[in-house]
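Quick note, the sequences are listed as chains P and L, same order.
Read left to right, the first sequence gives residues 1 to 593 (our numbering).
Read left to right, the second sequence gives residues 1 to 174 (our numbering).
Worth flagging that the hints you see were computed from the coordinates, not collected in a lab.
C-beta atoms are modelled at their ideal positions from N, C-alpha and C, and glycine is treated no differently.
The reader is advised that the hints may include incorrect statements.
[Said to hold, decoys possible] Facing chain L, according to a computed beta carbon distance under 10 Å, are these residues of chain P, among others:
no., residue
1, M273
2, A277
3, C280
4, S289
5, F310
6, A552
7, P556
8, C578
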Amino acid sequence: MKYYRSHVLVCVDPECLKKGAHDVMDAFQDELVAQGLIDEVQVLETSRIGGCDHGPELMVYPEGVHYTNLTPDDMPFLVEEHFLKGRIAQKFVAEEKAFTDEELSAPTAKEIRVVLRNCGKIDPENIEDYIAEDGYQALGKVLTENTPEQVIETVLNSGLKGRGGAGFPTGKKWEFCRASKETPKYVICNADEGDPGAFMNRRVLEGDPHSVIEGMIIAAYAIGSNQGYVYCRAEYPIAVKTLRIAINQARSMGLLGKNILGSGFDFDLEVRMGAGAFVCGEETALMASIEGNRGEPRPRPPFPAVKGLFAKPSNINNVETYANIPQIILRGADWYASMGTEKSKGTKTFALAGDVKHTGLIEIPFGLTLREIVYDVGGGIKDDKKFKAVQTGGPMGGCLPEAYLDLPVDYEAITKAGSIMGSGGLVIMDEDTCMVDIARFFMDFTQDESCGKCTPCRVGTRRILEILERICAGKGKPDDIETLEYLCAQIREDSLCGLGQGSPNPVVTTLKHFRDEYEAHIFEKRCPAKVCKALIRYEIIDGICTGCTVCARNCPVGAISGERRQTHVIDPDICVRCGICKQVCNFNAIVIN
Amino acid sequence: MAATTTVPKTYPKNEPLGDAGKKAVIDTIIEQYKDLPGATMVVLNELQSAIGFVSTYMQEYVAERLQVPLSRVHGVVSFYSFFTTTPRGKHTVKFCMGTACYVGGTPSLIEKTKQILGVSPGQTTSDGNITFEVCRCVGACSQAPVVVVDEEVHGRVRPNKIPQLLKPMLDEKE
Ligand SMILES: Cc1cc2nc3c(=O)[nH]c(=O)nc-3n(C[C@H](O)[C@H](O)[C@H](O)COP(=O)(O)O)c2cc1C
Ligand code: SF4
Ligand code: SF4
Ligand code: SF4
Ligand code: FES
Ligand code: FES
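With the rest of the complex left out, here is chain L (with noise of 0.2 Å):
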């Protein structure tokens, strides 16, 4: 594909455009959809389904190639609800902040949790592979606190059993 870009050559560690396979798989979705009409919600749509996210790079990218203003591209980003702009991880861990939880410690499991991963809540680790949230009550106040980690429900948990909870998904990384 013969897309002169501006868009610089080197990129941050994990950027999608920076990666020969996700570039391809962007690229043809863009070639696909380009000339559609209405095509920034259509290719926009295609790329947080594929890739997971559509970083500012990739919105400069989706830009450029359908040719229309950037500051419209990142309008669109931010309307929806649906799209987002940094990777989720692979795992997700949700400490719930629901009223039963809160009181009964999620505190100090974040600040726990903080110190292992190194990222704060809302963040994803930057290997790419756990996703730190807070979330509402889950319903199961009667295991306060609770932590979700994946679909996992785990209930009562204390400060020391965090490393417990996350070594398996520390492991896996390479």
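Extracted from the complex, chain P is given alone in its bound form (with noise of 0.2 Å):
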């Protein structure tokens, strides 16, 4: 192998793309060739190295010197620079933020990587740099030193569970279906990663793809299977070319295929593509749908160890489920379950999102707190303002209150108090968040999503979603709080899958904690966060306002009357609630009330 002196990584995703990161790298390598650098700097494309608002960017390794908003012209001053003069061009280096998901170079106390440890700083799109890091040892240890059930012990040992959402031990599930004797048999990787706002897996998927191979191999092997499937969302086709294109790579290296590493096993792996329907990441409309049917879930039991795939015994998990696999066999899972609480072991990966001050991908230890969440790694509320809920879980999760802050987080702790872990999903939400509009904006979702095949889950979410937009409209009833717990209480009850049966999850914890919201909006026909539309109405302070007529020039409605240097008046019936006069109000003399 060639010896290089630095090793150049290019972000290549689309938002890079767009602000021309191509020509950014053609140049760069021109200048490399012109002032005679070209065989010391290797340029390697990569994904997200930065927060992708300051693209192209790139980063230069070993110094880990991050350089954003970067255009082709830049280029010769930072060849000279940067690799002739060995001097770091101040003026293009990144930010320092105190926090962000893709700076992977700076040290955050409480996070530590595992599944994101290659991210951003290989190529995805080039093999041997995950072998660099240790990558296919693991599969190597496995295929010569031990057998399916010694695999098997050590990941459960390793106190592994399922990252996808129930939080199933993952040596069980492989034990399981190890002991079913009927094949073939197939491992299959939920890649549908459908959470609006959940991003932990494309960001795998398209950063180290081989860490994910890698682990379904080696569940291949620990269950007794020759054929893998990898499940992506038609809605990540840069994961689903990277994916194809580390498939072929390991299949060139002879890890995937015929007689893997010499060792007489025999695997190999397909990506298929979803269509755009949330159900199938639920495991049995996932397989419905690999088998080219309708993503409709059906029954279980039979369980997929026993009955999934083509009917055939199959062991289905998630993306960060087998990232971590490689890992836990090279570093032992005395190290793994070294990390966590007591009952969930190792770490997770979180997209932290709403009103933070550092939104992006995070990878945590179990047993860190809410508080820990939001204020350490999260930088607390932006604008300083107070924190009012968190929702984890996606959909089917739920909302937990200030008084949950000191929670650890971990699968139990989640689920006794009402939501679920989810696959990772974390949304902050500060004061002036209405909480009944969130139950409302889930349920649209999965009244949207859900697949029809049974009543109450159909006809229930439905239901439900026409009560809280009557709530929220100001046009609440008496009742309505009641037939909401009866309808979800059904709906929990009765419903054939996981999307039905969570699906009560935001309106149950938000009536359990911010009942007093429903009321004042069901009662008083007041939306305590003034977020309803209905609920509001602008106003303009007399003695605050100049009549400088801004206000009245941007209302898109025409709602604002008023002389010049007179104070202006809104009128309620024709005023929309768009907000646009509050923005631009240079005096802040208008006001919900």
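Two chains, two frames, some hints: make the complex.
Okay, here's the thing in structure tokens:
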């Protein structure tokens, strides 16, 4: 192998490409040639390295310098400064942020990166990069030193639980599938990641696809399978492409296919694409979809380990679950089990979103409290507003109020608090969030995504949505809360799959923790957070308004009248509550009542 | 390819199966994937990406070539939101029906557009040039009413500006 003095990673994600990442890369390479450095500097393509707001950007190793906002014209200077003279070109150095998801080099005290360890550091389209980071060593070890039973025992001892939502112990699942006698058996990776706002799995697939592939081969060896499928949502074309490249590279190196590493073990892998149905994340629906059918869930038992894909024993795990496996094999079950809490071991990735200062991907050991996540990792609430709630688990999850801030995050505690861990969406909400509106938002989503197979889910979610819409519109009735509670209980009881069963969660948890807000909407026709349009009025305060006319000129519906230098007035019957006037008034003369 | 087919020999205008080039693409895709387990989804996904939609005739053709019941192909196409059964136009014109735009005059813009294009929202002009749609709030309410032509947002659109907006696209057709 050639020896390179520096490695330069250029982000080629859509955001950066749109801003001309390829032009920058071409100019950079031309300049390396011009300055006679091309043999010393290796240029690699990679996925997100920054916030993607300041692209095109690149990372230089071994120094770990992160340059942003580059144009092709900057290249002669950059190459000369950094690579010829060895001085860091300060004016392009990324601004140090306290913490963002992609700043992998920034030391964030409370984080541990296992699943994300390679993301942004290696070229996902180059298997040698992965191998240089100990990639496929775990596979080699397993194939030469371990029986399948020993592999399963290691995974059991690590305490790893499925990261796709339910948190079922992975070793146990493998054990069940191994015990099934029928063949062939299938190994499936669930890469359907459908929760709005969650992108942990996409990041791993795009940034470190081989870790998932290696995990799947090891699983196949453990359960005795020769064929695997990755089911990836259609909305992730780059992940699909990256995976396919990775699979081909692994195959050409003898890591997939017949007689892997000379061990006599055969396994091959195929990527299948979804087609825009959220319910296909549910394991039985996903398998129906791979089979070429409508993605409708089927009853369990029989469980996939007994009768799964093509009615054969199958093991299905989430992307992150598989990505953990090589590390567990290499570093040992004890190492993995040393992180986390008593019952939830290891780390978990989350997509931190909403009203925190630093949104993005994080990976933390189980056991950090919500407070640590919000304030230490997330940097606190934006604009120093007050924390109101955190929503975990996506559309089938729940909202937890301030009283739960000191809850240590693990599967058991979150479930006990009435929410679910889910796949890792964490939405932080500040005081300006209306909890009835949030419940309505999630219900709108699940109602739309219900596959319609069972009546309680199909009809029930629509009824709930109608009631919530009515409440938000100021037309709530006194018995609405009871009706909601009744419907929620029914849907939870009588739905076939996790979508229906979990769909009431956003309503149930907000009713439990924020009942007063529902009551304010219903009985006082008031939205305490001042969000629900039908329940608020924009008003101009006499004495503060200077009569500058700015608001009147900006109102899209002409609801504001008034003479220059006279207090203006909003006609509530015309106003559509778009909030523009409040934003444009320079004197803070407009308030919401 | 020696596929026996019961599908009629004459297709409506714009039917991909009636176009030799597109038919070849369709056949290649079917040939490449037909023996995979669960081929229906794979073939439909590839057809959707390559052709841009899966017409009723194409569904019949897929059912026949893969030897699966037509009802199953229909079932799959209608289940997944990614599949569309009519072609999208080369261009898209979207009218915002969010509150501010609605109040700001979107309905009269839609009327005007209907007159000019001869199709209703949700449809595509018969030459496959322009898809006419309505959408939810695009977040540009301050400029209501808003029309989005391909990716570009046009604000404060008046009915008399519609011909001007559509003209470049109408001029394009051969
Ligand atoms: C409606 C619904 C959507 C789901 N979506 C996903 C998903 O996107 N990704 C995922 O890994 N699991 C999802 N699951 C959970 C899967 O059914 C299954 O439990 C998981 O893939 C098992 O893998 P694990 O043991 O590694 O967690 C979903 C479940 C339901 C009910
Ligand atoms: S609970 Fe809902 S999503 Fe699940 S099978 Fe029933 S109708 Fe479909
Ligand atoms: S923008 Fe503010 S100060 Fe100016 S007229 Fe409107 S309310 Fe008054
Ligand atoms: S909220 Fe919007 S519609 Fe209402 S007065 Fe202000 S600018 Fe006009
Ligand atoms: S109506 Fe949608 S933001 Fe104004
Ligand atoms: S209502 Fe049209 S842009 Fe918001």
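Hint-by-hint comparison with the structure:
{"no.": "1", "hint": "M273", "in the structure": "holds, 5 Å"}
{"no.": "2", "hint": "A277", "in the structure": "holds, 5 Å"}
{"no.": "3", "hint": "C280", "in the structure": "holds, 8 Å"}
{"no.": "4", "hint": "S289", "in the structure": "holds, 6 Å"}
{"no.": "5", "hint": "F310", "in the structure": "holds, 6 Å"}
{"no.": "6", "hint": "A552", "in the structure": "violated, 13 Å"}
{"no.": "7", "hint": "P556", "in the structure": "holds, 4 Å"}
{"no.": "8", "hint": "C578", "in the structure": "holds, 5 Å"}
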